[in-house]
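There are 2 protein chains.
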Amino acid sequence: MGEGIAFMGGDYLPLEEAKMSIFDTGFLHSDVVYDVTSTWNDYFFKLDEHLERFARSCAGFHLENPYSNAETAKILAGACEKTGIKNAFVHMHVTRGEYPEGSRDPKLCENQFCAYIVPYIWLWGEEKSKKGVNLFISSIERISSRAVDTRCKNFHWGDLIQSQYEAYEHECDDSVLCGPDGNLAEGPGYNIFAVKDGTAATPDSNCLEGISRRSTIELCEMEKVPLETRKVAPDELRNADEAFVTSTAGGILPVTAIDGAPLGNGAPGLITSRLSESYWHRREEGWCGTTVADILAA
Amino acid sequence: MGEGIAFMGGDYLPLEEAKMSIFDTGFLHSDVVYDVTSTWNDYFFKLDEHLERFARSCAGFHLENPYSNAETAKILAGACEKTGIKNAFVHMHVTRGEYPEGSRDPKLCENQFCAYIVPYIWLWGEEKSKKGVNLFISSIERISSRAVDTRCKNFHWGDLIQSQYEAYEHECDDSVLCGPDGNLAEGPGYNIFAVKDGTAATPDSNCLEGISRRSTIELCEMEKVPLETRKVAPDELRNADEAFVTSTAGGILPVTAIDGAPLGNGAPGLITSRLSESYWHRREEGWCGTTVADILAA
Chain A
31 MGEGIAFMGG
41 DYLPLEEAKM
51 SIFDTGFLHS
61 DVVYDVTSTW
71 NDYFFKLDEH
81 LERFARSCAG
91 FHLENPYSNA
101 ETAKILAGAC
111 EKTGIKNAFV
121 HMHVTRGEYP
131 EGSRDPKLCE
141 NQFCAYIVPY
151 IWLWGEEKSK
161 KGVNLFISSI
171 ERISSRAVDT
181 RCKNFHWGDL
191 IQSQYEAYEH
201 ECDDSVLCGP
211 DGNLAEGPGY
221 NIFAVKDGTA
231 ATPDSNCLEG
241 ISRRSTIELC
251 EMEKVPLETR
261 KVAPDELRNA
271 DEAFVTSTAG
281 GILPVTAIDG
291 APLGNGAPGL
301 ITSRLSESYW
311 HRREEGWCGT
321 TVADILAA
Chain B
31 MGEGIAFMGG
41 DYLPLEEAKM
51 SIFDTGFLHS
61 DVVYDVTSTW
71 NDYFFKLDEH
81 LERFARSCAG
91 FHLENPYSNA
101 ETAKILAGAC
111 EKTGIKNAFV
121 HMHVTRGEYP
131 EGSRDPKLCE
141 NQFCAYIVPY
151 IWLWGEEKSK
161 KGVNLFISSI
171 ERISSRAVDT
181 RCKNFHWGDL
191 IQSQYEAYEH
201 ECDDSVLCGP
211 DGNLAEGPGY
221 NIFAVKDGTA
231 ATPDSNCLEG
241 ISRRSTIELC
251 EMEKVPLETR
261 KVAPDELRNA
271 DEAFVTSTAG
281 GILPVTAIDG
291 APLGNGAPGL
301 ITSRLSESYW
311 HRREEGWCGT
321 TVADILAA
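Order-wise, the sequence lines are chains A and B. Each position in the first sequence, counted from 1, maps to that position plus 30 in this note's numbering. Each position in the second sequence, counted from 1, maps to that position plus 30 in this note's numbering.
Worth flagging that the hints you see were computed from the coordinates, not collected in a lab. Incorrect hints may appear among the rest.
Stretches of chain B that chain A covers, calculated by requiring three or more beta carbons in the stretch to come under 8 Å of a beta carbon on chain A [to be verified]:
| id | region |
| --- | --- |
| 1 | 32 to 45 |
| 2 | 50 to 60 |
| 3 | 136 to 148 |
| 4 | 168 to 175 |
| 5 | 183 to 197 |
Small disclaimer: the values here were computed from a predicted structure and weren't measured. Cβ atoms here follow ideal geometry from the backbone N, Cα and C, with glycine treated the same way.
Pulled out of the complex, with its shape left as it was, chain A reads as follows (with noise of 0.2 Å):
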């Protein structure tokens, strides 16, 4: 295993020794919430609506993290300032625990807190996720807002991981998922947004409400591109001028086909790039950031 650090019951290890029990229900009922952050250039980015998120997250699955948001930074920062790592991909989460013996109440559960820290993750690899992806517009069915809220950031990933299986059998990249509603939700691990004659348009349903979508309706506005939040069809995607994702692992990732038929001339567009090199050139900046020091001086 590469380089970063774990912190799991109160203290810091290596990332191969993480281990945690079979019978904690985060695993055994995906009875868990988590969330990513990611350092560039020892700013942690929106550290605060991450954190904000997370309570909001653990809240919604009546799940409580045993640390403050104050000492979960602290946690955080500690393990960046460890590892040395100045661009790190950061997640935390909140498992419900162990039933007590012969209960199969959550109530009863201890909540555990664990987060770890690695070298910054590209979604699909550095040049890949520069150079875009063919996403399938999926059959399966995104789980319901109704069923499991993805607005508390959760493990399941059902339908996502046999989404890729299917966009694999297609001879695409990575894939994108419908709700109930028949209108786009997301992909696994990131929004989706089509552009099409100058303007943007993103899901406003049955899906994360995802910090790195939120950054990228704010960069949007500053740099003058219309976006529009609302109900996306599928045909919309494969009709779009361009597309591009949004995730921590990233930031803004061009798409260059759909279903296998190029958008445009198959490269990324050019407001996916305008985007994609504000938000890198803001995050060098240290947009929206607190240095690792700040937070450990706090």
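Based on the hints, put chain B in the right spot on chain A.
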């Protein structure tokens, strides 16, 4: 942690040592299927049916059990022999495993088998499981089979766990959920049956094809109880003369109230009791059973 034994990574080990990497996507993406059977008086119940369903669950998730069904049977029987537990709750699962570094392609993971046995578990403890429970019909929708195939036994329980919280808020013991079509689906770990005017009915879709459910359908035939598998509206459960759930963790268990309102006279129903007695009488005698010794000698 109590009595029992686990099997992981090719070895038997104490339950408290049964730990998995947090990087196994069986956890991180709930990319895992499982099965549960039981032994009673050293007889495994319908072991071949369980192993065949487990294999179908694996196939449905593009997972592969590294052990053949015959090898899996020997692993489970070996756990019984080592512990001497005669009445056992027998769990097995296959997780996706870890992604190779820098990849998120599930095809490249090495799937991991794990099993454990513990003394037989009653869903709500032995006393309550026999006396009957008060179920709440949840406002939360069961995950649609169009998203995650409920016929593949999986850990996507976010909807089920939150429905339990809703049940507790309404002073009920546990919950039952409806599918996206508004008809009854299943509860957390059990199938549901409603009995009206001597005829039992159980949902035919968006639920696990439970082996206890199927056994109950067989028992209904043997005990001359008319049985329908079809769509069952929640009001049919509210207005039932009696109701029960079926689970490996208890067999056939009475439901004595719905949403706080007693069914019939509020005691376990006559048909429920007849079926449950028939089930346990047959289990005692080794109905559809294979002995631990026979499996180990095969």
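Here is how each hint holds up against the structure:
1. 32 to 45: holds (count 4)
2. 50 to 60: Three-residue rule met by the region 50 to 60 of chain B, so holds; n is 10.
3. 136 to 148: holds (count 4)
4. 168 to 175: Coverage by chain A holds for the region 168 to 175 of chain B (5 residues, Cβ < 8 Å).
5. 183 to 197: holds (count 11)
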